[in-house]
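**Student:** With chain E's structure known, arrange chain X on it following the hints.
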Amino acid sequence: KQEVTQIPAALSVPEGENLVLNCSFTDSAIYNLQWFRQDPGKGLTSLLLIQSSQREQTSGRLNASLDKSSGRSTLYIAASQPGDSATYLCAVGPRGGSEKLVFGKGMKLTVNP
Amino acid sequence: GAVVSQHPSWVICKSGTSVKIECRSLDFQATTMFWYRQFPKQSLMLMATSNEGSKATYEQGVEKDKFLINHASLTLSTLTVTSAHPEDSSFYICSALRQDLTGEQYFGPGTRLTVT
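Note that the protein sequences, when read in sequence, are chains E and X.
Once you know that position 58 of the first sequence is 58 in this note's numbering, the rest is easy, because the numbers rise by one and skip nothing.
For this note's numbering, add 1000 to where a residue sits in the second sequence, where the first one is 1.
Chain X on its own, in the form it takes in the complex:
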């Protein structure tokens, strides 16, 4: 199956700093990627849709100035958490959409962010 990677797998940062998370589709091109966050024992919450070459589309209630998304190439999307606060601590997961007839999404392994 298709492979999607995330980097880093975990990160600890101090409150007020910014953190960048990368999502890469390793063996296919993805014009559309998605960013989710997941709190403990909860399901995934879609944050935004990342479109290559255009602005991301954010879900209601997600601050676009706080969660900056850049989809500069067909294999890479980045999520930057700016001025991180402890309440931003979460598990962030990306997915890449396979642009063929199946419409299948492939998920990355996730990034655990802890803000102290």
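Looking at chain E on its own, in the form it has when it is part of the complex:
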């Protein structure tokens, strides 16, 4: 059974820092991996999607990497801003055609001005 872990559960940093958010998964046979952002009381916003054949994806100040063999993905946020404060969720899409995402519990990020 696939399990997704995000550590730490919360992080508070001053504005301007470069951040590293970690996600680990137990079964390397994945179809894809998505990083989401969730603001309080809101739905999920997809940030980056990495296919199993890819090693990284970039969008603006965000860069996500994937290492299937070690069961890890990392989301880098460059030059963090207070507007980046949110909960970040990592989700793995398993092989087998079920397309059911397996979510981590998320990491609550607070960027202080």
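Accuracy of the hints is not assured; some may be wrong.
[Unchecked claim] Counterexamples of contact, computed for chain X against chain E with all Cβ distances above 10 Å: (1) LYS1014; (2) ILE1093; (3) THR1114.
[As the list claims (entries may be wrong)] According to the in silico footprint, chain E covers these stretches of chain X (three or more CB under 8 Å from chain E): (4) 1042-1051; (5) 1107-1113.
[Claimed, not checked] Here are the simulated lysine to aspartate or glutamate pairs, EDC-like style, with alpha carbons at most 20 Å apart: (6) E:LYS100 <-> X:GLU1063; (7) E:LYS100 <-> E:GLU3; (8) E:LYS100 <-> X:GLU1104; (9) X:LYS1055 <-> E:GLU99; (10) E:LYS100 <-> X:GLU1052; (11) X:LYS1064 <-> X:ASP1088; (12) E:LYS68 <-> E:ASP27; (13) X:LYS1014 <-> X:ASP1065; (14) X:LYS1041 <-> E:ASP84; (15) X:LYS1041 <-> E:GLU3; (16) X:LYS1014 <-> X:GLU1087.
Calculated directly from the structure, the hints in this document are not laboratory data.
We treat Cβ as the ideally placed atom computed from N, Cα and C, and that holds for glycine.
**Tutor:** Okay, now just chain X, sitting in the frame of chain E:
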């Protein structure tokens, strides 16, 4: 990016009544949609997989007779919470699967249900 809407965004109902929540994919067709619920400060819990033209597939522990799912078209899935109770109060989120090579899911903004 693709857009998924939910309606209503929030609803308050009395215990014992039924509530219907709609999930629409606005700019793409989705044969598969998913329904999640989320309790405060918790991650998303998958409730069921909604398949256009066929019965939904429910996760273990989710009562199919209580949470009725209908996926009547390629752009609309509905979740009806029947005989709602206060413990059904939660944040319900749907997602639509983009049926292309990426397999990306797009999420709706969520519906806050409060049962009094």
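**Student:** Which hints from the list above does the structure break, by number from lowest to highest?
**Tutor:** 2
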